[in-house]
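These protein sequences, in sequence, are chains W and L.
Counted the way the working numbering counts, the first sequence spans residues 151 to 310.
Counted the way the working numbering counts, the second sequence spans residues 31 to 542.
Do not rely on the hints blindly, as some may be mistaken.
[To be verified] List of simulated lysine-lysine pairs, DSS-like, C-alpha gap at most 30 Å:
| hint | chain 1 | residue 1 | chain 2 | residue 2 |
| --- | --- | --- | --- | --- |
| 1 | L | Lys364 | L | Lys533 |
| 2 | L | Lys287 | L | Lys273 |
| 3 | L | Lys328 | L | Lys364 |
| 4 | W | Lys173 | L | Lys287 |
| 5 | L | Lys64 | L | Lys99 |
| 6 | W | Lys173 | L | Lys474 |
| 7 | W | Lys173 | L | Lys273 |
| 8 | L | Lys287 | L | Lys328 |
| 9 | W | Lys173 | L | Lys364 |
| 10 | L | Lys328 | L | Lys474 |
Bear in mind the hints are in silico, worked out from the structure with no lab data behind them.
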Amino acid sequence: MENQIPADLPPLSAILAVIAPLKERPGPLLEVLHALQQAFGFVPESAVPVVANELNLSRAEVHGVLTFYHHFRHHPAGRHVVQVCRAESCQAMQGEALAQQIAKRLKLDYGSTSPDGQITLESVYCLGLCSLSPAVMIDGQPLGRVTVESFEQALAGAPA
Amino acid sequence: MSAVTVYVSRDAAALALGAEAVARAITTEAAHRKLAVRIIRNGSRGLHWLEPLVEVQTPAGRVAYGPVKTADVPGLFEAGFLTGQPHALARGNIEEHPYFRTQQRLTFARVGLIDPISVEDYVAHGGYEGLRNALAMSGEAIVQAVTDSGLRGRGGAAFPTGIKWQTVQQQVAPQKYITCNADEGDSGTFADRMLMEGDPLTLIEGMTIAAVAVGATQGYIYLRAEYPHAHATLNEAIVAARKAGYIGDSVLGSGRKFELEVRLGAGAYICGEETSMLESLEGRRGEVRVRPPLPAIKGLFGMPTVVNNVISLASVPVILQQGAAHYREFGQGKSRGTLPIQLAGNIRHGGLIERAFGLTLRELLYDYGGGSASGRPLRAVQIGGPLGAYIPASQFDVQIDYEALSGIGALLGHGGIVAFDDSVDMLQMARYAMEFCALESCGKCTPCRIGSTRGMEVIDRIRANEHRSENLDLLNDLCETMLHGSLCGLGGMTPFPVQSALKHFPEDFVRS
């Protein structure tokens, strides 16, 4: 069976290894999904029945939780993840214009990944950096008072 | 010569302005000059426009420099900053800065002052005195102290914390829980984040006191996934507290057990609502529960559960340390104690200001904030996040106080203030409120799930001047339906920004 799984999908054994240490914890499903995304960069569809079986839940329950939360990705993320804040405080500092300029420079829509797998562009609603709006996070590194120039500099400097 | 202690913040706001590189540059430059320097990564003092702020411990006290760029570092060494010598970026003792000196820091007393993950430093600055006092008291007496302090839920609902605790305490159950709502999703708020990154042990101590008071043995901090730095700091602090015996099987040898762990949210704003947070903690979709039963009676896994915001819990140690009367002396009317206010958006001097209730919005925006960042006149502020009302400049003399704000149809929420200059388009902000509600609705009730999308469409028609006056009536009708017919605050409060925009800025809705 395993050789039928596309190369970018983790094998069953790897999925089981992620679930095993968490399955006995109280209310473990979110923890398990986080751990899968941590391990693989996304939560593969192929993991849904495995998680359901291991946690004694229905596939519908797992699917329902997985798709409820914006944070979980259903496809592999790019090498770099760019999260642009779109909330009020950043809007008050021309964050929408910045968000559009960033999308244009990257030639990406929000919620998509570049075809070469380099960059994923996402909207977020508040990074808690509202005193430094507009704010962006690149690969978990926060940036405040962002301009197109400082954004490009930071992206170019992000470790591969 | 012994090593000079230099503080460079690890707060995400400082990191967002380059604090990491500055800390590295100081280490490198010191090595190059063969000078012994010990860098402590503290929290932020809250003067965010001065970040990255570098503080040096000198015999005459701490001397601050900021905002420091890596390029400034060699010059700072050249000027003798390690002995507090003058430099263009020198700010003196930051505690004497007017922005800081005029604050009343109770909850944030240690934030920016100490090493956030050092139990030793925490205890040296009054930490864990509250817990020690609590362990010598009965659960009823602890709850009474919290009630007497007048502390109300700082997450936004402003429910008296002591009353909530009392309900949990009175339940008989095999298991009780303390849960901390750290899903700080409101735009314009960052007090929870700053506290968790700058003094996480205060939160841990507050949760431990709550556990002792109500007889709980397990705590969870539900933290939003957008806060990776707070996550790391909290986990380090929990490990340190456990190692020092402040949490674990027998808290300070008292025989009382309290375990604590951080659970991550996953980007759902609705999980800041307490019942959806509990659903999420149980590993389910963050859909709102119908109340009753209250979480205090049937909460996490069906057990009696305290659900409090970070700032509420972090305000408990000082109450138990200094007494309810001391905390209560701050503030006015039914708003007692202090509030960590967050100044954000289009503001020159954004940051955190902890003050007793009662100062005016105008003092905050101009005396602290220094007016807009853009230099244009301030036109509106939104207080309390995406569900908070917009307040026009004509009402800037309102006092920051739960009752005063509700008196003008606004709400305090979590104390975040987002300022907008006169370039703001209030119709667009009203539309965004509906858009955000549509995006974040859990989908359980119709007014919120469908109403928000219909709201966007109606606002688009108003903008396009299609039957404008009928659609304005329809928008108000829709707001009333959402207000009265939604299960929780998301659908029920989205009308606040929309209707306040309509009321105070009608001119923005009739432009063609």
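Each hint, compared with the structure:
Of the supplied pair hints, the one linking lysine 364 (chain L) and lysine 533 (chain L) holds, its CA atoms being roughly 28 Å apart against a limit of 30 Å. Restraint check: the Cα-Cα separation between lysine 287 (chain L) and lysine 273 (chain L) comes to about 14 Å, which is no more than 30 Å; the hinted pair holds. For the hint linking lysine 328 (chain L) to lysine 364 (chain L), the alpha-carbon distance of about 28 Å falls within 30 Å, and the restraint holds. Under the criterion of a C-alpha separation no larger than 30 Å, the hint pairing lysine 173 (chain W) with lysine 287 (chain L) is consistent with the structure, at around 24 Å.
Taking the CA atoms of lysine 64 (chain L) and lysine 99 (chain L), the gap is near 21 Å; set against the 30 Å cutoff, the hint holds. Simply put, lysine 173 (chain W) and lysine 474 (chain L) have alpha-carbon atoms about 28 Å apart, close enough for the 30 Å limit, and the pair holds. Using a Cα cut-off of 30 Å, the hinted pair lysine 173 (chain W) and lysine 273 (chain L) holds, with the two alpha carbons roughly 26 Å apart. Note on lysine 287 (chain L) and lysine 328 (chain L): the hinted pairing holds, with a Cα-Cα distance of about 21 Å set against a maximum of 30 Å.
Proximity of lysine 173 (chain W) to lysine 364 (chain L) is assessed by CA-CA distance (about 46 Å); at most 30 Å being required, the pair is judged violated. Taken as a hint, the lysine 328 (chain L) and lysine 474 (chain L) pair is honoured in the structure, with Cα atoms around 20 Å apart against an allowance of 30 Å.
Violated hint for the displayed structure: number 9, the only one.
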